[in-house]
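Protein chains in written order, with my numbering: chain A, 330 to 404; chain B, 10 to 201.
Calculated directly from the structure, the hints in this document are not laboratory data. Any given hint might turn out to be false.
[As the list claims (entries may be wrong)] With a straight-line cut-off of 20 Å between C-alpha atoms, the simulated EDC-like cross-links for lysine to aspartate or glutamate are: (1) A:K393 x B:E72; (2) A:K393 x B:D50; (3) A:K364 x A:E347; (4) A:K397 x B:E72; (5) B:K150 x B:E134; (6) A:K401 x B:E54; (7) A:K342 x B:E166; (8) A:K342 x B:D50; (9) A:K382 x B:D50; (10) B:K170 x A:E337; (11) A:K355 x A:E337; (12) A:K397 x B:E127.
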Amino acid sequence: MKSCKDVEIICTKIQYNEATLLDKIKIRIHVLFCKTCQKFSKKNTELTSLCSKANIKTLPNEDKEKMKDELKSRT
Amino acid sequence: MNRQTGMAKQALNPDIWVDSYSDYLFNYAVSRVSDSEIAKDLVQETFFAGLKSAKNFKGEAAERTWLISILKRKVIDHYRKINSKKAKSMVRITQNPNSEADSNFLEEQVADPMSLLENSQIENEELGTAIQDCIAKLPKKHALAFTLKTINGLSTEEVCKELNINPSNLWVILHRARTVLMDCLNNNWFKI
Numbered sequence: 330m331k332s333c334k335d336v337e338i339i340c341t342k343i344q345y346n347e348a349t350l351l352d353k354i355k356i357r358i359h360v361l362f363c364k365t366c367q368k369f370s371k372k373n374t375e376l377t378s379l380c381s382k383a384n385i386k387t388l389p390n391e392d393k394e395k396m397k398d399e400l401k402s403r404t
Numbered sequence: 010m011n012r013q014t015g016m017a018k019q020a021l022n023p024d025i026w027v028d029s030y031s032d033y034l035f036n037y038a039v040s041r042v043s044d045s046e047i048a049k050d051l052v053q054e055t056f057f058a059g060l061k062s063a064k065n066f067k068g069e070a071a072e073r074t075w076l077i078s079i080l081k082r083k084v085i086d087h088y089r090k091i092n093s094k095k096a097k098s099m100v101r102i103t104q105n106p107n108s109e110a111d112s113n114f115l116e117e118q119v120a121d122p123m124s125l126l127e128n129s130q131i132e133n134e135e136l137g138t139a140i141q142d143c144i145a146k147l148p149k150k151h152a153l154a155f156t157l158k159t160i161n162g163l164s165t166e167e168v169c170k171e172l173n174i175n176p177s178n179l180w181v182i183l184h185r186a187r188t189v190l191m192d193c194l195n196n197n198w199f200k201i
């Protein structure tokens with residue numbers, strides 16, 4: 330049996346589709362018995378959908394570096 | 010502490026502007042001008058204007074709020090500019106071809122009160138702001154890891170290379186970041 334912390338980390342991997350099949354099976358079994366992890370897993374999944382719903386746009390890194398240089402040259 | 014306002018006066022710190030606020034400002038701008046190149050320019054102009062008028066910063070608002078207020082004016086200026094270019098062109102009103110000839114024109118222009126489209130757009134923008142507020146509270150490395158992986162969708166390998174850490178470190182960081190975000194995001198956003 331895995332510890333809850335291990336389970337939570339695998340649960341995070343699942344959010345990015347990067348958990349192995351064996352991990353997924355282990356989690357399924359653990360979650361059956363552990364209410365805390367069940368809740369965590371549900372909330373974690375919801376966080377993923379909230380993040381994609383919010384559709385946040387960010388600046389590419391090279392643009393940021395350019396901005397930093399420009400700002401520096403003016404201070 | 011300033012006794013009159015009960016708040017500590019804030020100081021400007023332009024060195025951290027790009028790292029701390031550029032994504033937030035960019036997201037604000039891009040949702041209003043719908044063009045990432047223009048949005049980028051507006052953010053850049055905002056930083057320059059901020060530098061220029063730094064002496065007018067009274068320290069009553071937080072740095073980010075102050076920068077957003079500058080950006081708001083930049084967005085308005087942008088629309089003024091493109092509108093004055095268009096001023097010479099005609100305003101064209103097209104009649105809905107599906108409508109009956111004798112139906113009331115004005116009635117057709119009224120927004121559909123049952124439409125949830127606008128609401129969900131406003132809601133998503135609020136959600137985006139809430140998420141970004143929470144990301145700003147994370148330790149810098151955690152915030153960067155979470156943003157790169159979740160918002161920008163980089164692969165584990167790319168994020169590890171960028172942050173110079175190994176995958177198991179990354180997963181621990183992501184797990185911590187997500188736990189903080191789940192706590193930080195107002196429970197209203199969660200259905201459970």
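Right, here's what the structure says about each hint:
no.: 1; hint: A:K393 x B:E72; result: holds, 18 Å
no.: 2; hint: A:K393 x B:D50; result: holds, 12 Å
no.: 3; hint: A:K364 x A:E347; result: violated, 23 Å
no.: 4; hint: A:K397 x B:E72; result: holds, 17 Å
no.: 5; hint: B:K150 x B:E134; result: violated, 25 Å
no.: 6; hint: A:K401 x B:E54; result: holds, 14 Å
no.: 7; hint: A:K342 x B:E166; result: holds, 14 Å
no.: 8; hint: A:K342 x B:D50; result: violated, 36 Å
no.: 9; hint: A:K382 x B:D50; result: violated, 26 Å
no.: 10; hint: B:K170 x A:E337; result: violated, 24 Å
no.: 11; hint: A:K355 x A:E337; result: holds, 12 Å
no.: 12; hint: A:K397 x B:E127; result: violated, 36 Å
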